[in-house]
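Let's have the full structure, built from the sequences with the hints guiding it.
Protein chains in written order, with my numbering: chain U, 1 to 196; chain L, 1 to 545.
For the record, the hints were derived by calculation from the structure and aren't laboratory data. Fair warning: there could be bad hints in the mix.
A partial selection of chain L residues facing chain U, derived with a Cβ cut-off under 10 Å [unchecked claim]: (1) LEU380; (2) LYS387; (3) ALA392; (4) GLU496; (5) ARG518.
Every residue gets a Cβ at the ideal spot worked out from N, C-alpha and C, and that includes glycine.
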Amino acid sequence: MPTLSEIFAVHPRDGGWAGFLLAQVATGKPLLWVQDRMAILESGRVHPPGLPSQDLVHVEARDARDALWAMEEGVRCSCLAAVIGEIWGDPRALDFTATRRLAVASERSGTPCWLVRLGGTANLSGARMRWRIASAPSLANALDPRAPGAPTWDAELFRARGSPTGRWSVTREADRFHLVAEPRDRALGEVERLSA
Amino acid sequence: MPSLAIERWAKSSDLAPDAPVALTVEGPHGLLIHAVTKAAAERGARPGTRLTDARALDPALIAVPADPEGDAALVQRLAGWAGRWSPLVEVDGDGLRLDVSGVAHLFGGERELTRDVRKRFGALGLTTQTAIAPTAAAAWALARFNPSPPEGEGDSAKLSGVRGLGADRPGRTPSPYPLPQGERDLLEQLAPLHVSALRLDPDTVRTLERLGLKTIGALLNVPRLALARRFRGAEDVVDALDRMLGRKPEPLTAAPVDPPPRAALRLEEPATHPEAASQALERLVPMLVGELEQRRLGARRLSLTGYRVDGSVGVASVATAIPSREPKHLLRLLADKTAALNPEFGFDAFALIADWTENLGAAQDSLVEEPSGERELARLVDRLTVKLGPRAVRRPQRHESHLPERASGWVGAISSSPQFRGEVARVARRRGPSTSFAGPPPLQMQGRVHPQRLLDRAEAIHVIYATPEGVPRRFMWRHAVHDIARVEGPERIAPEWWRQPSSARLRDYYRVEDAEGRRYWIYREGLIGDGRGGVPNWFIHGLFG
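Pasting the structure below:
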């Protein structure tokens with residue numbers, strides 16, 4: 001069920017959430033990626049060659065208000081694979097009403113919407129799922145023991161409607177877009193089910 | 001343009017309106033009078049005479065320097081404003097020329113049109129002399145040399161209209177084969193005019209006067225052959241006559257091959273309320289869409305022009321990513337920009353023009369109102385661009401380069417359209433509804449792993465070396481220390497010698513992971529002892545997801 005999910009980057013200069021998010025975005029349709037100006041300054045601009053798909057519309061918004069407006073316009077459109085919006089800090093424009101509008105629009109049009117909060121606090125929100133993502137030391141690289149291997153994230157789902165919350169260590173295999181939980185973890189495949 | 005100059009000056013000065021004032025320009029032998037007020041004219045000052053001569057007649061004459069550039073700028077502005085009557089307006093020296101073929105009926109006939117023109121210019125405080133004639137030259141002559149000018153005495157802003165004789169040939173001004181009836185009427189009007197109305201140079205005019213040929217009528221009685229033999233080259237009298245009578249096309253008037261689709265709305269009363277433009281838009285868009293449909297065009301750029309009473313115009317224009325003629329979409333695009341148009345003293349006319357169009361077939365999209373993905377995306381891009389500006393909404397564009405910041409170029413989502421549209425269409429065609437299509441292949445040059453995020457400018461980091469040539473043990477970026485736990489690299493990118501200066505240094509990129517698992521893309525610029533600078537610096541360029 002596509003809906004609004006909120007991702008908090010545990011540290012604003014940790015780009016790990018992007019890998020976690022992109023692994024769950026369907027390809028084939030264009031992506032709308034909205035960044036407000038502070039997010040670009042603080043943690044960099046989207047780099048299309050590093051993304052799984054080049055089909056992308058990038059919006060550089062002046063502030064959170066413009067970013068939220070652009071996201072809402074995008075979410076209403078069913079021609080997009082997903083709408084990703086990065087917002088820096090805790091702007092006043094980002095309140096419960098704004099997130100609730102995004103959630104409703106997303107559920108109506110069937111376009112998943114990801115609200116990424118960089119350097120923000122988890123205040124009141126209408127998002128159906130709220131994640132806290134941090135990078136974790138990667139898996140061992142089979143070819144070069146000194147090099148980083150498959151990326152790993154420490155993903156905490158701290159609020160979810162209709163599904164249990166929890167904390168997982170998530171790894172993404174090299175070229176595939178599915179996620180596996182660590183064997184020790186209580187719910188193997190929990191994340192696939194949630195993101196499906 | 002004597003009257004325009006003096007009227008423009010009178011509007012901005014605080015002298016009494018009946019003061020004898022002369023506007024002057026620099027002449028070869030001192031100041032020349034350029035324009036005079038009515039009071040000064042009564043006391044003997046004439047445009048073209050020397051200021052000293054005029055002062056001898058009336059010592060109280062006040063001299064003010066003229067401002068020809070300002071006058072010309074005003075004429076240019078008025079030309080834009082005159083677009084309310086006809087789409088084709090040309091500045092012709094001190095006057096305006098409008099191609100009004102097929103336009104006059106919109107204003108209730110040619111007589112009404114000239115009255116409207118005179119009234120509106122009069123409201124601006126400018127006197128005009130107007131004439132409508134089948135050829136540009138005849139209109140020019142009638143506007144300037146008509147023995148019974150409709151607006152009292154004195155020179156004034158001239159406005160000449162041009163009417164095509166063939167009423168079924170809109171957009172083409174001088175008909176090469178005028179109807180005999182029309183030509184006879186025209187001849188009757190032109191015959192009493194002085195020969196200088198032919199726009200000949202002064203020497204030719206003097207020669208003609210000496211020969212006793214003072215009016216056009218007299219000139220027409222002379223056999224063509226004799227005239228042609230006597231006046232050759234630059235002083236071609238026959239040519240001027242032919243142009244005036246429409247026997248020869250007037251090359252000055254440039255008629256557009258295909259005038260852009262246009263819808264116009266005139267208001268009875270000037271509207272000053274802020275919603276005026278939006279309300280006009282709601283009526284204009286369906287009119288324009290009707291025309292677009294008829295011509296099977298789609299608008300790429302639209303502009304709404306609001307004509308204000310004070311002779312200025314307000315313009316709101318938008319562009320679209322793919323040609324469109326859907327009223328709802330166009331209305332929505334223009335609505336925001338239109339609402340920002342300030343009526344100031346009031347709008348009294350509007351024109352909506354699609355100044356950039358592309359062919360768009362008449363195919364029906366679907367039975368239900370559900371636009372296809374490509375069109376829906378284009379509309380989204382339009383809306384975003386209108387609100388946020390073309391620089392804020394962009395799509396990636398690949399460049400043949402190994403430098404990461406150059407390889408990932410961006411291009412405005414609207415301007416890129418033709419090429420990008422093709423690409424999207426191709427992708428859409430390849431993509432079946434049931435198969436899971438993985439999108440275009442990622443740009444991976446020689447198996448390079450790119451980060452998901454790139455800093456706009458690579459930022460210098462402070463590093464602690466393990467060895468001068470190797471990887472640093474830790475680095476400091478934005479006051480935070482990162483211990484490097486794992487590293488992959490280097491990946492060497494040589495400078496692009498064909499476009500960078502010879503002092504540019506190579507880059508050795510490393511993928512590093514710090515103790516907390518965050519992955520960064522850092523590089524060392526240059527090598528020790530490469531002869532292109534001192535100790536190499538380290539930079540951070542990207543963040544991995």
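Results of checking the hints against the structure:
At a threshold of 10 Å, the smallest CB-CB gap from LEU380(L) to chain U is about 5 Å, leaving the interface hint in force. The beta carbon of LYS387(L) comes within 7 Å of a beta carbon in chain U, closer than 10 Å, and the hint placing it at the interface holds. Checking ALA392(L) against chain U: minimum C-beta separation of about 5 Å stays under 10 Å; hint holds. Given the 10 Å rule on beta carbons, the hint for GLU496(L) is violated: about 17 Å separates it from the nearest Cβ of chain U.
The interface hint given for ARG518(L) is met, as the beta carbon of that residue sits about 5 Å from the closest beta carbon of chain U, less than 10 Å.
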